[in-house]
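Participant: If you want the building blocks of each chain, they are given just below.
There are 4 protein chains.
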Amino acid sequence: MTIRAGLVGVTGYTGMELARLLAAHPAIKLVCATSRTDAGKKLGELYPFLQGFELAETEIIQPEPELLAACCDLVFLAVPHGAAMEMAGKLRAKGLKVVDLSADFRLRDAATYAEWYGQAHNEPDCLAEAVYGLPELYAERIRTAKLVANPGCYPTASILGLYPALKNRLIHCEDLVIDAKSGTSGAGRKAAVGSLFCEVHDSFKPYGMPRHRHTPEIEQELTRLVAEPGLTPHVTDQGHKPLAGEALTVSFNPHLLPLTRGILASIYTRLRPGVDEAQIRAAYAEAYAGQCFVRLLPAGKLPELRNVRGTMFCDIALVPDFRTGRLLIFSAIDNLCRGASGQALANANLMCGLPLELGLEAAPIVP
Amino acid sequence: MTIRAGLVGVTGYTGMELARLLAAHPAIKLVCATSRTDAGKKLGELYPFLQGFELAETEIIQPEPELLAACCDLVFLAVPHGAAMEMAGKLRAKGLKVVDLSADFRLRDAATYAEWYGQAHNEPDCLAEAVYGLPELYAERIRTAKLVANPGCYPTASILGLYPALKNRLIHCEDLVIDAKSGTSGAGRKAAVGSLFCEVHDSFKPYGMPRHRHTPEIEQELTRLVAEPGLTPHVTDQGHKPLAGEALTVSFNPHLLPLTRGILASIYTRLRPGVDEAQIRAAYAEAYAGQCFVRLLPAGKLPELRNVRGTMFCDIALVPDFRTGRLLIFSAIDNLCRGASGQALANANLMCGLPLELGLEAAPIVP
Amino acid sequence: MTIRAGLVGVTGYTGMELARLLAAHPAIKLVCATSRTDAGKKLGELYPFLQGFELAETEIIQPEPELLAACCDLVFLAVPHGAAMEMAGKLRAKGLKVVDLSADFRLRDAATYAEWYGQAHNEPDCLAEAVYGLPELYAERIRTAKLVANPGCYPTASILGLYPALKNRLIHCEDLVIDAKSGTSGAGRKAAVGSLFCEVHDSFKPYGMPRHRHTPEIEQELTRLVAEPGLTPHVTDQGHKPLAGEALTVSFNPHLLPLTRGILASIYTRLRPGVDEAQIRAAYAEAYAGQCFVRLLPAGKLPELRNVRGTMFCDIALVPDFRTGRLLIFSAIDNLCRGASGQALANANLMCGLPLELGLEAAPIVP
Amino acid sequence: MTIRAGLVGVTGYTGMELARLLAAHPAIKLVCATSRTDAGKKLGELYPFLQGFELAETEIIQPEPELLAACCDLVFLAVPHGAAMEMAGKLRAKGLKVVDLSADFRLRDAATYAEWYGQAHNEPDCLAEAVYGLPELYAERIRTAKLVANPGCYPTASILGLYPALKNRLIHCEDLVIDAKSGTSGAGRKAAVGSLFCEVHDSFKPYGMPRHRHTPEIEQELTRLVAEPGLTPHVTDQGHKPLAGEALTVSFNPHLLPLTRGILASIYTRLRPGVDEAQIRAAYAEAYAGQCFVRLLPAGKLPELRNVRGTMFCDIALVPDFRTGRLLIFSAIDNLCRGASGQALANANLMCGLPLELGLEAAPIVP
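Those sequence lines, one after another, are chains Z, V, P and E. Numbering (my numbering) for the first sequence: -2 to 364. Numbering (my numbering) for the second sequence: -2 to 364. Numbering (my numbering) for the third sequence: -2 to 364. Numbering (my numbering) for the fourth sequence: -2 to 364.
In short, the hints are calculated from the structure, not lab data. Predicted model, so just to flag it, every value in this text is computed and none were measured.
Simulated crosslink set (DSS-like; lysine-lysine; CA at most 25 Å straight-line):
| # | chain 1 | residue 1 | chain 2 | residue 2 |
| --- | --- | --- | --- | --- |
| 1 | E | Lys39 | P | Lys298 |
| 2 | V | Lys187 | P | Lys298 |
| 3 | Z | Lys26 | Z | Lys91 |
| 4 | E | Lys87 | E | Lys143 |
| 5 | P | Lys298 | E | Lys187 |
| 6 | V | Lys39 | Z | Lys298 |
| 7 | Z | Lys187 | E | Lys298 |
Where chain P lies over chain Z, by a calculated footprint (3+ residues, C-beta under 8 Å):
| # | stretch |
| --- | --- |
| 8 | 189 to 196 |
| 9 | 246 to 260 |
All C-beta atoms, glycine included, are put in the ideal place defined by N, C-alpha and C.
Chain Z extracted, bound-state conformation:
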């Protein structure tokens, strides 16, 4: 059986990446893609790199919910927040499954959304049914979800890096610093002077601090993990949990790398007294046992962004520094694949009863 998928918003980098991944997917077929500006073309005309694939013949159409409903089982939304919300409501009303790559359904609380995104949330029903699509934490719920909120790229790297340490109370949760570095594809494919080659190449800079929009998303998910020490997040319901005794704020600080793909989150935490290295490694090993996309690096090894290029891997290194009483955590992903379109596809796999990793098994392109 082939799943018929639609893609709303094919001209951005996340749309492009979904097209790349679907070009070789054995069970999900991209039957239509939308673009206001390129409707009428075929996908292969828009993206010469897809020539030679069957997918190159896929038609680009206008983003009309009726057209999508007529030919799709599931739709990926790769449009900006706000636009995604509206389209999600219409598609859900027609019964389609939706994976939303925007931020519109990531924050479980509409007021927090309004505060950080500067607009009201108009689809409360969708928000209520949305499942946060981080497979290592919520695979069970994703399998039955109708609407998945695909996590942000920075939150994916950050949450996967911190989850076992917080869940197992290895570190203080009031003193978390994330120094994150992202490839430039994270800035999107919009024509903007700041994203020009000559502005980014051979340079490096911090940006957007101290109030990057991924901050509340990270804090929301991490708070859930510490709220109940015994929490098995796989089975919890979606309601926002009050803080149980400890405030959790994150100092989240993004930087822009002169490369296309990849996020490295360098996470600085303070060890609780008495925690030793064996405990730390055991906690991570247990938390990610059986998870095909998380690779825990052996002691002494540190991640490199190229090792995850084009893949779903999250490479995690743990560096306890007892001299300073810290646990350093390094978490590396491909922001476009794991941090966006690949994760969306993994979620779609689960929603369609397919194996999580189907079509996502290629090795990274190194060098």
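Guided by the hints, dock chains V, P and E onto chain Z, whose structure is given.
Facilitator: Relative to chain Z, chains V, P and E alone:
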């Protein structure tokens, strides 16, 4: 049925690329890899990017022909010229199929080899049986070959770009200029000051002219194509053909790009009188009909290296410039995949009775 | 005495580069810069890299000819063609010296301009008085010029590479191929998807052929050089010369490099019979004797773009290839400095009676 | 009067950078440079980018102290630690002024040196007279110094970023995290696989933690600053101060950027209660008043590495984040210029009675 493959020389970039491609190959299994310096390790230790793949468990052994013969059906040689020659002789003596990625069996004439590579050719029997592994020209012969000389990266791009024009006598063959640009992986993984990041990054330069070693390889193959106008190269024998009336020399001029993968050959030729654009396009369309790896770009489109990244594609654009009486040909490949390890794997596929493109179907990683 | 300079169009890369160079110029002071969008700011606000320099206090004003005339002796025009033409006319009418970095006064023939730039030339008087600002050829005339047409970046590299060979009739002039590669700053600072970091980085491509607008400029200047074998270009008048016996067309083929600054022109020519290497080297040595910006590389050395980064140098290598009867010429410049703003400043130096190289003596930043 | 300078170790990146800066220095002349492997050549042969400068004629000689003493007033040591120590001793014995770019005289305590650098310190007299060459803190002492220990690149960025905040007790000093990112030139010019273009390009990674050798240097200097609240470091003696009440450790965490030049230190600190933004800005403004190389960015602006490329600038941004109770400090330098050779030259300027910034005034090359 699974083919058991060995890889001699796993620490270079072509060895690394073969490992990457074999990580997901459905019918050829890498059962051993050799390295003098890393023997005893597992592949996943050497290459962290392979962790999580079954291949990561493959043992690295010493390059002993006996060990290889004991466990392999076919062996890839990814060692420098000279070393490859010797190993090929030993492995062929034990009956193994061999794909040699070095230059040792590309030049059909031992004297030419000695002239350009500065050493005698000690394996004349192997040289006699070697098939030049360019599938678009020699697939038929490759299928039954025991020893395939995997083409050089520059020759692959250059020959594929020129083949239909020369075969169909669209251009003068005494006035060929190839301005080729290669990614730095073409320089290999040897520690050398000239290949350091800070020497290559943000710069660009010509090198190695006017006597780059790929020159005789290109001239040899192109000469064969013009030697007999009616030549169907797929069925010709391997003997070196005398020139039939016209001398063919190539001005081949390589440059070093500040990127990892990719070759663009910009080929400058002079049109024969009366040739029009339709004729040109028809000749290329016919020559590459049914060839899954050659993508002829539509008029007005030019190739980009990223569109072939990590793939077997050869993207070819044709620009007739009647103002100057020229045909400009642009031919783009990934030097590591199409120009080395991917092509070696395609040749192995043919030698083992598998479909040419098996395990080589992934779309390029763009952006 | 301090020359008061104005800069029309400060927000593009050529404007930015002029500001950089003027920050440390000992005799020319940038007293005002114009920008429609940023008028009212100070230069240091627009360009944080200039903070700490006196120039950071320079006011950005509206591009009004009256304002410029009130405070400037000389004006640099760093605006697109068309706009430059109009501004040049107004500023010349007020008696100001003008260095125009656009293409508006480079083509000596208005009809050729109209053909290649798609618009009529409305300033015939200015065109008649304009001097082509290539100091190695026209320093004498530039010293007394009121309006200098600053050469294009590709023409600068190409003409300097070919000049001695053509002037001395070392090569055939009917068979010239220029394979040129430019850094991305050549595409300007306009927000365009094709110039985004993620579209350019780690890739490479040809573009704009076979009719790039620098073609007629190169052909015009080279034709002048061959028109009269005994021509001493320094003293010739500006009128367009009819071809003297030989047609000169150039196959000019640009490519886009994933780096910011630099042009390498790889020029493929055919040697006239009997020309030997000593003759070639002597011709170049003589042609560029005393020229501080041209560096002839010793035999066996080839240029690298980094060696000219940020400078006025034009590094030229000569590779005679007697096997193929060719002379390969490699000519490297920084497209922003030598190919635009640095050359404009050198021209301004001459026009103001200052030494050619004043303020342009810094060594390239290597690595 | 011209100062005659020698350079021991010209083949590395710091030697190369010193040569670049001295090419245009008006008062210090590089009269000889040493290299065991390249002795006998001229500097212009070794470094083609220097052709055309008078400096290109400088002879490369063997590193013999007698030869240096015969022709130099001052010598720069750009050799590895250990080798520098020995040469410094010999040159000081002959009365020459020395600026040592290695780590050999940075740690004031020989035991700490032995612990972190794995070898004994054999030049205690030199160590006793060495002055730590950070001009913003120690200009007074540098002016009369005979031996200057040029600071490490990471310490330069880190100390300048933290100095006013620690000196004015704006932040807690027991909770300092430095996430530092360096360009690849920091790894030196040694042929090593890990520094190859294809290993670094398009990737990013942490390295060397948690015990990078710059850690004790940073801790030593910062400890001095907090040891005595009223400390005016300019006039203090050089003896190591015991900690006054508070332990100061730093979690220093370096990363490798895919670019050539630049360090960004992202410094995460915790504000002391009651400190407001005005206080913070005033403290930095006062601490760096009159310092020509430190640029404090206005509120809302963040540094970019390109803005300091090739210069002595240290660009500092202050981001108070009251939501998390933190002060984020971003400090950007060029690791080769400010972090090594430019700073060495500034120190030499002071030691020779020249203005600090002489020969170091060029604007950064942007873009």
